[in-house]
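Q: Protein chains in written order, with this note's numbering: chain A, 328 to 677; chain B, 554 to 901.
Just so you know, these hints were derived from the structure itself, not from any lab.
If you're wondering where the values come from, they're calculated on a predicted model, not measured in any experiment.
Do not rely on the hints blindly, as some may be mistaken.
Example chain B residues on the side facing chain A (calculated, C-beta under 8 Å, incomplete) [said to hold, decoys possible]: (1) Glu643; (2) Ser718; (3) Val742; (4) Val748; (5) Gly755; (6) Lys757; (7) Gln768.
Ideal placement from N, C-alpha and C gives every residue a C-beta, glycine not left out.
Below, each chain spelled out in residue letters.
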Amino acid sequence: MSSSATGIPGQGHHPPAGRTGSGGTGEQPGGPLAAGGLQFSSRPRRGLADALFKAVTGAFASLILVLVLLLVLELVRSSWPSLKAFGWRFLVTQTWDPVRQQFGALPFIFGTVVSSLLALILSVPVSLGIAIYLAEMAPHWLRGPVSFLVELLAAIPSVIYGLWGIFVLVPLVRQLEVFLGTYLGFIPLFSGPPYGIGMLAAGIILAIMITPTIAAVSRDVILAVPNSQREASLALGATRWETIRNVVLEYAQSGIIGAIILGLGRALGETMAVTMVIGNRPEISASLFSFATSLTSVIANEFNESGGALHISALVELGLVLFLVTIVLNSLARFLVWQVQQRNGGAARV
Amino acid sequence: MNRHVRLLMAGVLAVALAAGLAPAAGAAVTLNGAGSSFAAPMYYKWADEYHKIHPDVSINYQSVGSGAGIRQITSGTVDFGGTDAFLTEEQIKAAPAELLHIPTLLGAVAISYNIPGVKTHLRLTPKVLADIYLGKITYWDAKEITSLNPGVKLPHLPIFVAHRSDASGTTNIFTNYLSKVSPEWDKKVGSGTSVNWPVGVGGKGNEGVSGVIKQNPGGIGYIELAYAVTNKLPYAALQNKAGRYVLPTIASTSAAAAGVAIPADYRVMVSDSPNPQAYPIVGFTWMLIYKNQTNKERGDALLKFIWWGLHDGEKMASSLLYAPLPPSLVASLEKTLKTVTYQGSPIL
Chain A
328 MSSSATGIPG QGHHPPAGRT GSGGTGEQPG GPLAAGGLQF SSRPRRGLAD ALFKAVTGAF
388 ASLILVLVLL LVLELVRSSW PSLKAFGWRF LVTQTWDPVR QQFGALPFIF GTVVSSLLAL
448 ILSVPVSLGI AIYLAEMAPH WLRGPVSFLV ELLAAIPSVI YGLWGIFVLV PLVRQLEVFL
508 GTYLGFIPLF SGPPYGIGML AAGIILAIMI TPTIAAVSRD VILAVPNSQR EASLALGATR
568 WETIRNVVLE YAQSGIIGAI ILGLGRALGE TMAVTMVIGN RPEISASLFS FATSLTSVIA
628 NEFNESGGAL HISALVELGL VLFLVTIVLN SLARFLVWQV QQRNGGAARV
Chain B
554 MNRHVRLLMA GVLAVALAAG LAPAAGAAVT LNGAGSSFAA PMYYKWADEY HKIHPDVSIN
614 YQSVGSGAGI RQITSGTVDF GGTDAFLTEE QIKAAPAELL HIPTLLGAVA ISYNIPGVKT
674 HLRLTPKVLA DIYLGKITYW DAKEITSLNP GVKLPHLPIF VAHRSDASGT TNIFTNYLSK
734 VSPEWDKKVG SGTSVNWPVG VGGKGNEGVS GVIKQNPGGI GYIELAYAVT NKLPYAALQN
794 KAGRYVLPTI ASTSAAAAGV AIPADYRVMV SDSPNPQAYP IVGFTWMLIY KNQTNKERGD
854 ALLKFIWWGL HDGEKMASSL LYAPLPPSLV ASLEKTLKTV TYQGSPIL
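In isolation and in its complexed conformation, chain A is listed as follows:
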């Protein structure tokens, strides 16, 4: 993960976070690396092998570009009939009627974006708590097993989360909704009948699914913070909390944002678990209790048995829209990282 960041002001050539992280010692990078760099540049050049190596790795890297380009081309080609029929109105209309061949993507975009953001709001504090505890506070004998369990959670198939969601989580969410409705019902966000199924359930299940990802990557990033930083802070008289907040988190900031972007990516693309609990109703409502739907669930729901050519084309266009939504949200996140780094005056990259 190149995005798991090396946000160290004034240290341009820091080794990737993961490598020092796995060692867990956070040794001084300055000396040996600088020497290595010198040694490399003074070595006699072996023209052919180098050129070949560069060409091969370059070709592999450009495969990604080609793949994405083909993806976009195919998405545009297959969604052409729908693009032609609805134009930009596709993005702003709310009707989804396969019988009358009227298709609009707005409720699906709304559902995907809102459920993913809701998941982030619920998951990020918990994930950071897990990561900080595992990296900074946990006794040694506990670190290994808990880290292993966190990674295990990330490997559970989403359909299992979905079935668990509908049979276990939804009744609990319904009770939560009754509670929220009674005491906070005057806020539009918590109004309406408590079904259990709906946007809130989707947000919660997504939060549970992305927490292991964010926690595991954040833990690695925090472990990669050099011990010298901690020692310096403690030596200046800072408490443990102050050290974590002002030094460790500050240092690991861009890496943690990278972890959150990874989690967001999983939330945006998640299909089965969301389909099971979101209610699959293409409507936009201010209430978290109401039924909703998402870009991926409608594609999974309708593609296999879809009727007309225009219907399929509209479903493919939803895929194109998902692609764009992902790009926009990722760019926003990267902009955020960039802003943070500008503020810190660092030369770090994500």
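With chain A fixed as given, assemble chain B onto it according to the hints.
A: Coordinates of chain B only, in the frame set by chain A:
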């Protein structure tokens, strides 16, 4: 040089002979099918049983959904397609040659519900069912429902409507029925494998819909009969066209296709059948095959398999809770199968 050429020719001849003779000697034929997931358990069983009596023929069926089945038979990647919705005019035009619809089984759609305290089969009329799904009847103790069910104590509970979120043949049968019995439904919603639902929540698959019903007191939803029976879910008796209240059973499902006019191309929804014994929400599942087969051996094996399915295979239907075709329809299908040709001459 000369010798080499001769050797080569001999080799080519040997290969050609082997290739040409092999099928005649009864080599294995593998038939490929794809489509309807509703019919898949039955087709798997048929494939298995048929292979036991004809070890030289294997049938490989992929349960990928009716829409995908139609696409695959249209592009010619399979020998037969399975679908729960007959082809539209647009789809017929898209096929490279004439396709035949062969009905193989009948399926019923049960109306299941979760009303605390109600253990008997609820009675519903087409109008009430349509009004529930249109969002016009919203409580279980509405007088439209209580008047049909004297003696049943219905609670004052909101009706929680559930439907399939995934496009499916079950939805097609159900919405086709509602369009037939309710002009308002036809005008506002229409019928298809997925529609724009006026009210309700979507569950994925039969298990999703029944999950929603079980989880929500006051829930109502439509599911395949086989699923309702094996999971012991309660279901309603529906008033049919003749005015009788009929429970979905294998017999009442088969009855829907008996005593009614079936068009020559079998493209018909048999829902709302006039037969007094019939349960009303019923539909066919079809196999799609090309009328003109392009490979003699494969075409021969395919037709023999379908022939066997319509005769011996139908007898296994009820063990998997499918309804077999009525005998009158099988007789008519025999004639249709005999019209399938290879290079202009009938195969059977």
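Q: Decide, hint by hint, whether the structure agrees.
A: Hints, verified against the model:
1. Glu643: 7 Å, holds
2. Ser718: 3 Å, holds
3. Val742: At 7 Å from the nearest chain A Cβ, B/Val742 passes the 8 Å test, so the hint holds.
4. Val748: 5 Å, holds
5. Gly755: 3 Å, holds
6. Lys757: It holds, given that the least Cβ distance between B/Lys757 and chain A is near 5 Å, below 8 Å.
7. Gln768: 6 Å, holds
Going through the hint list in order, the structure satisfies each hint without exception.
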